[in-house]
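The listed protein sequences correspond, in order, to chains A and B.
Numbers 49 to 1202, taken from the numbering used here, label the letters of the first sequence in order.
Numbers 43 to 399, taken from the numbering used here, label the letters of the second sequence in order.
Watch out, some of these pointers could steer you wrong.
With a straight-line Cα cutoff of 27 Å, these simulated DSSO-like cross-link-like pairs (lysine-lysine) come out [unchecked claim]:
id, chain 1, residue 1, chain 2, residue 2
1, B, K303, B, K327
2, B, K327, B, K377
3, A, K682, A, K782
4, B, K117, A, K93
5, B, K188, A, K93
6, B, K332, B, K277
7, A, K254, A, K105
8, B, K188, B, K153
9, B, K184, A, K93
10, B, K117, A, K56
11, B, K303, B, K390
12, A, K681, A, K507
13, A, K93, B, K332
Some chain B residues near chain A, calculated using beta-carbon distances under 7 Å [said to hold, decoys possible]:
id, residue
14, V49
15, F50
16, G52
17, N53
18, E85
19, C87
20, V93
21, L95
22, R103
Everything labelled a hint here was simulated from the structure, so no lab data went into it.
All residues carry an ideal CB built from backbone N, CA and C; glycine is no exception.
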Amino acid sequence: MPGKLKAKIVAGRHLPIMDRASDLTDAFVEVKFGNTTFKTDVYPKSLNPQWNSEWFKFEVDDEDLQDEPLQITVLDHDTYSANDAIGKVYIDIDPLLCSEAATVISGWLPIYDTIHGIRGEINVLVKVDLFNDLNRFRQSSCGVKFFCTTSIPRCYRAVMVHGFVEELVVNEDPEYQWIDRIRTPRASNEARQRLIFLMSGELQRKIGLKVLEMGGNAVVGYLQCFDLEGESGLVVRAIGTACTLEKISSTLPATATHPSNSSPSKDMKEPGFGEEAPGVPLSSGPPTPLRAQTFSSFSPSKSYSRQSSSSDTELSLTPKTVGIFLFPSTPTLESESSPLPSAHLPRHLWPGMASRSTTPPPLRLSKSDTAILRKSVSFSEELLLAASGMGSGGSAGKEAGPLKALLRQQTQSALEQRRVSSSSEAFVRTGEYPFFPLTAFPPGFLLHVGGVVSARSVKLLDRIHNPDEPETRDAWWEEIRQEIKSHAKALGCQAVVGYSESTSICEEVCILSASGTAAILSSRFMQDGPLDTEHRLSRQPLCVFSTGSERVEGDMGSSASLGFEEVVSPGCGFCHIPYDELNIPFPAQLTYCYCCRRYKVPDVLFTTIDLPTEANVTGKGCLIQARLCRTKKKAQGEGNATVISNLLPFLEYELHTQLMNKLKLRGMNALFGLRIQISIGETMLLGLASATGVYLTALPSPGGIQIAGKTPSDITYEQHISNMQKKINDTIAKNKELYEINPPEVVEEIIGSPIPEPRQRSRLFRSQSESSDEVSELDLSHGKKDAFVLEIDDTDAVEDIHALLTDFPTPAGFYSCNTEIMPGIQNWTSAIQMFTSVRVFRLNASLTSQGLNKIFSDLCENLLKSLYFKLRSMVPCCLCHLNFTVAIPEDELIQVAVTAVAMSFDKEQLLENGKQSGEKTLIKAITENDEQLQFNLELNAETPSPNPLSSPKGLSEVGSHLSARALSVDYSSFADRCSSWIEQLKLKAHTIRRGSVKTTSSMEKASPLPEGRSRSLRSNRSYSGSSVAVVKMTPLSFIPGAKIIKYLGIINMFFIRETTSLREEGGVSGFLHTFIAEVFAMVRAHVAALGGNAVVSYSMKECVFMENPNKNQAQCLINVSGDAVIFVRESELESTSVQTQSATTHTSNGAEGT
Amino acid sequence: MSVELDVFVGNTTIMDKEVYQLWLNGYTVNDAVKVRIEGGVMEECEASAEVLLSDTMDQYRTFQMCERLLHHPAKLANQLLFQIPPDRQAMLIERYYAFDDSFVREVLGKKLSKGTKKDLDDVSLKTGITLKSCRRQFDNFKRVFKVVEELKGPLVENIRQHFLLPDQLARDYAAIVFFANNRFETGKKKLLYLTFQDFAFCAGQLINNWTVGAVDNMMEDMDVDLDKEFLQDLKDLKILITDKDLLDQHKSLVCTALRGKTNVFNEMEANFKNLSRGLVNIAAKLINAKDVRDFFIDLVEKFIEPCRSDKWTSIDVNLYLTHYTNSAHILDTFKYYAVWTRYMGVIKSCILRMYHD
């Protein structure tokens, strides 16, 4: 029994009236975990029962602890008839299994019923006592930390990035089981909720196991998705990046003084014990007897038998152990050396040797993770065996026998790679897919970005026959990933970052999509440069090709990459092309980098990642969306799939045209956070591409857009065209002003590029498509002005241009982006407002594609407008992480859901900021103009930030007086605007102050209440004066003005809500409004119960809404996730010496709430 | 083509004060949108009517969902569904429980029953307040009444704690509850010139001085009923008018004190017996519930009207009542000083408050 789960039911409040006669309720509670159920006493006749139960104890495997939720059911006791259920609470106890996360769940949690919604709250206490698990063959992966955040979490340091982890589990959807015909909607919903809880628990556990195999202790960028495949089943899949993380804590001297030159074994002690041991609750009490127990089962034979009897997994476990244990051994050794930039390459690690000499100590101590710690005792001997097997030629994998296919593959390839790679190479491990769902990286990690790679495939769903072997689904994804990998390779890149996978399902047709950004990563953080062998070999010639010139390939090994980094400035390095310019996989317009003038850059860059913090950006960014709607014929099965796959390339092509046009219209040259969503319905296809456009200083200035008519005979037509041309030019000029894009005029010097093509073709995009359902996303056109020509040859094109121009400009004071941060804005205030908005639009008549396009585009635009209006009180503010999701829930219905966060920023600070970025440009413009200098001083007292790029740029710039003048004019207008904002800000500050005064007074008012209550109120009315703890939610990975001091665990919740009285609940809007509010409330409550005060990286991954107004019914499924954290305001942080204490008191006083 | 569903949910619930007020005033969504357009919010924020409609619908929905909680304001603080900053919560409650003086004048002193509620459409017509708003206000009165009715202790304090209302509003509700409980007549033509605030002031006086709680805070009785013992004792005051000597003595004492101090001395002297009889009779009858109802009518008919017809100023009234009250203490055969002071204190301040046009 490796774990004891304890739960205590304290009280309930605000319960619904279950007995009409007395207007009261006789409530009791069932606490269920696995197959064990406990009950509290009935607390008669109260809506605020005080059960104050004993501790209910469940003795369970940690495997179950990971898979199962604790299920709490509140019921109304009925003497004569069956007890009525009031509602349920599912508690995910996973956060309690990791010593670094939460230690107790305590607080008021909403009681939820799938038919009635939230029905009161229940106060519970849940704890877990984990015992040392000495079982080598365990299936659990307790202790692996999970983060939804797609960057290295704020209070951690990445010791190593191990690579891509993925897993999927499938099951039958309870909604489609035969029994669903006879059970109530409630029972069916609950079965579904429970199943998904179980499946995601299992999935997380399995991913955790993989991470342990790889030697990591955490998963970052964990993205879990559901595919509701209807008849054919239910798929839960997840991807993430396995990492070894180390907590940065200034309070612990152990990590602060990280010994840098000691031997590996010594080195490893520090993170292993110095940091973790205090946090492990189990190391104190219970382990003694258990350790004894496992000592007895220490010999291999015994432990095997034990395993086979205790679990129902494969019987022949020997090879598996080998597979598992080999991996952790090497990485740990390496991991410790990697933090030291000098001792860069772990050469000392041939496993055979290593295990004999140094392995035993590091194994016990190295992992900064309790799970491993627990395992340690039984570990070492086994490893000797394994290691020696490996030393004898790397055949361990082949001897393995009945391993899981994948595992064997990995082992094998890893071993082969090891043999091939010379000792100077970094270790190549696992790394079947060098994918990273991360979107932001530690500085220096990302060397070059190639461009977006994506792959889609259309599949026909069939019933999943054996849930235990989800091979088809695995194989499908396998295909797609392979394709992505080959695309990346074609771009000369070794890795794919910002990687994500998604599906869209309609009836039995399913589109699987994956996309990411091809990139070259620094080998400093990875131990492998996750290339497989052939790739490396095939790349070799490429490298040779270019090394002759100034380029050095980033993955040539550490020395090479180090040398490379020396000469490349961080602000532009990532823009430099990773592919060979003479061997470009597509026609591209290359120029020398506008920052450093040494390396080539493309003229446009599309990526799926966040803007690197160190990037040089001119002006501000903005959200750019391409929207497309295409009609399609109704079809069934295979035919339908064919129709869809035929349409897809066109759809993607159009989306890219739109994106490119809109990008140029805004005078920008790069897209970040690109996300293309394609949704299928019975009679149409929807495509929505969202990204944040920016002007990268390193890239050439985009040319304008020129319109060319095809029939120049008609004069009015000519007129029309020139009008339109004027409009477009005006818009570009306006946008440049709006986004403060004032790049320095640079003498055009396109070097070594192909001759500009004088084509009059309307679209200069070329898609390099290897298969029908894939379009490479690197589209390149001329860097020269006016080279981008739109040709109007039919009404469609006219419509296109109209659509181009109808995009509503963001109102004054607003900015928007779909990435984490907005370039040019840093001074966020603490005011944040996360929101979700959902719209469903009904199309009535049969429409043309053009008409549909318009409607769809308007729908998105209007939604944005509404958001700006709603949030007008927060101006100046930026809508960050605007995440649009489109769906076609039914024929003729389009659903758009948006989740984002609005963040206010400081206007005065903005001024300073603007000035800073202004300075950059000023420096670049470098005209030693008196007027400008004055302006500079006026704006700013700070010294201009040193810009290494200024001098080369300046040389080419001197004398371009004209541009400088234009610049200064623009700035003064900007200053004007700022000053008017300052006025507004003062006003707002005033109201804020008033508000806060009010708050305290109301608090004062509330405080005497408890004393007075005893006398004046009836005793059975228990009101509490304390209000509910405030929990912030944000889709970003950080909270402005605050420091995250602790990650409490992942929040991953799935809810179903159904109603049979739609009209009574306020129609569809009323129903969904309530449900979303309830979901927020439940997320907040669970976070507060964990002791947290915020959710970061929050996302609503699924919002499936179905209605049947004729039957007065509706159903909705919502899946949300995020990371529960504790944050402290930076101001508070300064005042309190002991951070953690302040944080816990900070949150607990709110969380208590009687 | 139509928007079928349109929702916006913020982690912190967004509520626009202006829209809230429109909702409270019982405007339909379309009317509210019209008002907002006229208010110029559109130009301010570059919005369209469509956006405004969507926003208004959304806000209305939020308010409707909140309404349930507003019925039990204490719940608003510890509910989990909406995350609302405390100052916003206070604003929501205060505005929800705010009422129109013109409305409350119509129902003040009436039984808060279903029958009265049925007549609200007439009230709505008469006052120009929407029926919806009338219903809300009426239901608020009724809800507060029901909760407080059976509670022990000071009425105002109970209301304030239970409904988290600001002090002034709690006092007003106390008045409404007190009037409803004692069914004071306020609708007669002669009383129409009085505002709600006049009555609220008087109610405050009565609550503070004439109820059981007024003398003994720890009493097991409530604030909403008048002190029966006191009412009983008031009968003893009759001696002031039944005993001829006492009456004359009282009159001469008052007249001596007043002489030369007012322009209406003659009228005062002439009317003394009448006025004194009026006031003492009111006191003596208060033991009957039916006469309690007519308390304000009686004050107007027996005292205020005669004075007004003689053109007394309120300074005159104040002077007269002060001396009238104080002189009784000097009367040798009159022993009910405590009761007299308790009675006259309230009567004086009520009359002074009610003595206007």
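Verification of the hints:
{"no.": "1", "hint": "B/K303 with B/K327", "verdict": "violated, 33 Å"}
{"no.": "2", "hint": "B/K327 with B/K377", "verdict": "holds, 20 Å"}
{"no.": "3", "hint": "A/K682 with A/K782", "verdict": "violated, 44 Å"}
{"no.": "4", "hint": "B/K117 with A/K93", "verdict": "holds, 20 Å"}
{"no.": "5", "hint": "B/K188 with A/K93", "verdict": "holds, 21 Å"}
{"no.": "6", "hint": "B/K332 with B/K277", "verdict": "holds, 16 Å"}
{"no.": "7", "hint": "A/K254 with A/K105", "verdict": "holds, 26 Å"}
{"no.": "8", "hint": "B/K188 with B/K153", "verdict": "holds, 12 Å"}
{"no.": "9", "hint": "B/K184 with A/K93", "verdict": "holds, 25 Å"}
{"no.": "10", "hint": "B/K117 with A/K56", "verdict": "holds, 24 Å"}
{"no.": "11", "hint": "B/K303 with B/K390", "verdict": "holds, 19 Å"}
{"no.": "12", "hint": "A/K681 with A/K507", "verdict": "holds, 18 Å"}
{"no.": "13", "hint": "A/K93 with B/K332", "verdict": "violated, 40 Å"}
{"no.": "14", "hint": "V49", "verdict": "holds, 4 Å"}
{"no.": "15", "hint": "F50", "verdict": "holds, 4 Å"}
{"no.": "16", "hint": "G52", "verdict": "holds, 4 Å"}
{"no.": "17", "hint": "N53", "verdict": "holds, 4 Å"}
{"no.": "18", "hint": "E85", "verdict": "violated, 12 Å"}
{"no.": "19", "hint": "C87", "verdict": "holds, 5 Å"}
{"no.": "20", "hint": "V93", "verdict": "holds, 5 Å"}
{"no.": "21", "hint": "L95", "verdict": "violated, 10 Å"}
{"no.": "22", "hint": "R103", "verdict": "holds, 5 Å"}
In terms of the numbered hints stated before, the structure departs from hints 1, 3, 13, 18, 21, listed from lowest to highest.
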